[in-house]
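Engineer: Here's the letter readout for the chains.
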Amino acid sequence: MCDVQGKLVAWLDRELTPEEASAVERHVEGCHECRRLVATYERVSQTLDAYCDGVMAAKAPRQTRWVPVLAGALMAATAVCVAFVRTRVVPPAVVEPSIPVASAPLPGPPVAEPVLHKPTIRRPHPAPHIRELARQEQPMDATIQIAIPAEAMFPPGAVPDGINFIVDLRIAPDGSVKQVSLRQ
Amino acid sequence: MSDDSVPLALPLPRLAADSAEVAALYRQLRKPLLRYLACLGLTSDEAQDVVQDTFLSLQRHLASGGDQENIRGWVFRVAHNLARNRQTSYQRRYGETLDGGKDFPAEVATPEQVVLEKEKLRRFAAALHLLAKSERECLLLRAAGLRYREIGEVLGIATSTVGDTVARAMKKLAEKCNVRCSRQTSRLA
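Top line first, the protein sequences correspond to chains X and F. Going by my numbering, the first residue of the first sequence is number 1, and it counts up by one from there. Going by my numbering, the first residue of the second sequence is number 185, and it counts up by one from there.
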């Protein structure tokens, strides 16, 4: 083993004095083993550089990988928007309460008319109007009669059979009960 | 081995805080610093933060009239210490980067060469891991372009010790590389 071998790395790194460097250079020119070592050290240095570059490249933020992700997200968002735009929202049909009237003509078959635009009907707010009507306490024209069996109101045996009571309710315009009268 | 290392570049002029020279120094040292910090185990964001903190410290150092001799060594030493402080478990995190050989880019043509290059770097990383911490840090700082004197300042050891450590570490890596080369050659034969 040559004594110069311990200085080969420093010689490659130019860390020797000019005198030392000249001596090492002369020796390397004539020593096959030291030339092989120098080549090995250079290869190791190159590999170390490649390793450091590789580590740095591996840790660098990779923005390009976001491109397909963002493109996919954009396409999905576009598809969702298109689906919402193309979907027609049909409002549910309003079912009018059927009032059986003997003299009324039979209604014809329902004609389904597409309701594309629901007209906006501007109505005044009902609350002041209702409050005004309630204040006036106008009697209603119609009286609601409710037949209640006596068994439902009194204990068994307290009321003879066949006797019923009629309750008269007077309803105010706001829906509240104004008067209740019980009669036989 | 001499203590007065041969400078790679001309001696830097006297720097002033917020000067164009500091900006030029930042441009010159940013990439080697990032590479060194990445090899120490920092993530990309952490390395960026450390570099910025380092140059903020440099601004304060220059503004306070600090010593400007061996300014590159000063910058690397500050970055090295900041990285050490930032790492909660230095050894474990250092090991993480070495296992990710599959991400190493290889500027070779064929897929076989890509695989061989990645395998070579992975084995080299494993060999680098077997070195002592001081040997590894000396080699990484040397790969960052620092002179032995600057490496000594970063790590707080003598220049002659840096030379011995680098020579010993290179010899170990060369032996491992030679063993692997001879094994691969015999396998191919």
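Just to be clear, a hint being listed does not mean it is correct.
[Stated by the list, open to error] Pairs of lysine to any residue, SDA-like flavour, derived with a Cα cap of 25 angstroms:
id, chain 1, residue 1, chain 2, residue 2
1, F, K355, X, A158
2, F, K356, F, H313
3, F, K304, X, R35
4, F, K356, X, L169
5, F, K355, F, L300
6, F, K356, X, D168
7, F, K302, X, T47
Since the hints were made in silico from the structure, they are not lab data.
Engineer: Determine for every hint whether it applies to the structure shown.
Structural biologist: Here's how the hints hold up against the structure:
Under the criterion of a C-alpha separation no larger than 25 angstroms, the hint pairing F/K355 with X/A158 is inconsistent with the structure, at around 118 angstroms. With a C-alpha separation of about 11 angstroms, the suggested pairing of F/K356 with F/H313 holds against the 25 angstroms cut-off. Note on F/K304 and X/R35: the hinted pairing holds, with a Cα-Cα distance of about 23 angstroms set against a maximum of 25 angstroms. About 108 angstroms separates the Cα atoms of F/K356 and X/L169, which puts this hinted pair outside 25 angstroms; it is violated.
Restraint check: the Cα-Cα separation between F/K355 and F/L300 comes to about 23 angstroms, which is no more than 25 angstroms; the hinted pair holds. Under the criterion of a C-alpha separation no larger than 25 angstroms, the hint pairing F/K356 with X/D168 is inconsistent with the structure, at around 111 angstroms. With a CA separation close to 11 angstroms, the supplied pair F/K302 and X/T47 stays within the 25 angstroms bound.
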